[in-house]
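> Sequence:
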Amino acid sequence: AENITFQRLSCHRAFHSQMTESIKDEVTHALSHFELKEPKIPFISCVTGTWISPAEATSSEYWGRQLRQTVQFATGIKTTSELHRPLYIQLGSGKTLTSLVRDWSVAFDPAHSQEPSNLEATHPAHSVGGANRARTSNRITLDVVSQLWSRGVNIEWPANQVDTHPPKRVPLPTYPFQRQKFWVAPD
1 AENITFQRLS CHRAFHSQMT ESIKDEVTHA LSHFELKEPK IPFISCVTGT WISPAEATSS
61 EYWGRQLRQT VQFATGIKTT SELHRPLYIQ LGSGKTLTSL VRDWSVAFDP AHSQEPSNLE
121 ATHPAHSVGG ANRARTSNRI TLDVVSQLWS RGVNIEWPAN QVDTHPPKRV PLPTYPFQRQ
181 KFWVAPD
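Numbering (my numbering), first residue to last: 1 to 187.
Derived by calculation from the structure, the hints in this document are not laboratory data.
Bear in mind the structure is a predicted one, so any value in this text is a computation, not a measurement.
Don't take each hint at face value.
As the list claims (entries may be wrong) - Cβ-Cβ distance ranges computed for the label pairs, FRET-style:
no., residue 1, residue 2, range
1, Gln147, Glu61, 36 to 42 Å
2, Phe34, Pro166, 21 to 27 Å
3, Phe182, Ser10, 45 to 51 Å
4, Lys40, Ser146, 39 to 45 Å
5, Asp143, Thr174, 25 to 31 Å
A virtual CB, placed ideally from N, CA and C, is assigned to each residue, including glycine.
Let the sequences and hints guide you as you build the complete structure.
Listed below in structure tokens is the structure:
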């Protein structure tokens with residue numbers, strides 16, 4: 001495995017491994033009783049690492065394969081890296097996936113590891129889980145939305161108004177801040 005960057009994920013369940021083989025058919029059968037709809041928001045298939053097709057998204061067999069097959073993380077990052085200024089935000093505890101995205105150019109294409117990357121990955125200061133479980137989901141959502149906004153993402157603020165308190169306008173001086181000290185002279 002020379003020149004292949006990897007990081008062992010700490011999991012307490014058998015995600016995407018042969019340990020899920022025994023339930024794959026059961027899950028596929030259970031999902032066949034639901035009317036699966038085409039996604040309204042495009043997303044990357046972890047089975048292929050490319051944009052999911054409507055046929056895949058509505059197939060119970062696809063979701064059975066998704067349960068068992070290896071996640072095509074690097075291919076998915078390569079696919080989304082072709083977008084204009086992609087931004088990746090990891091939600092949940094840990095920073096493993098954020099680190100893998102940051103290291104992607106070296107892991108996926110060592111020949112171009114010295115080129116500047118157009119990828120930006122971030123991890124919310126307060127993620128879900130760990131010591132932060134007591135934080136409300138509204139606060140976490142606002143943290144993520146604020147990080148997106150600070151990186152230039154256009155936020156639909158009314159749709160993301162999750163706080164119970166309405167926003168308040170804060171008056172700021174109309175002049176530039178001048179770094180000049182005004183000391184009171186002693187008598």
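> Each hint needs a verdict: does it hold in this structure or not?
Do the hints match the structure? See the list:
In this structure the hint that Gln147 and Glu61 lie 36 to 42 Å apart at CB holds, the actual value being about 37 Å. Between Phe34 and Pro166 the beta carbons are some 39 Å apart, a value that contradicts the proposed interval 21 to 27 Å. Take Phe182 and Ser10: their Cβ atoms lie about 56 Å apart, and the range 45 to 51 Å is violated. Under the hint 39 to 45 Å, the C-beta atoms of Lys40 and Ser146, about 25 Å apart, miss the expected range.
At about 30 Å, the beta-carbon gap between Asp143 and Thr174 stays in the expected band of 25 to 31 Å.
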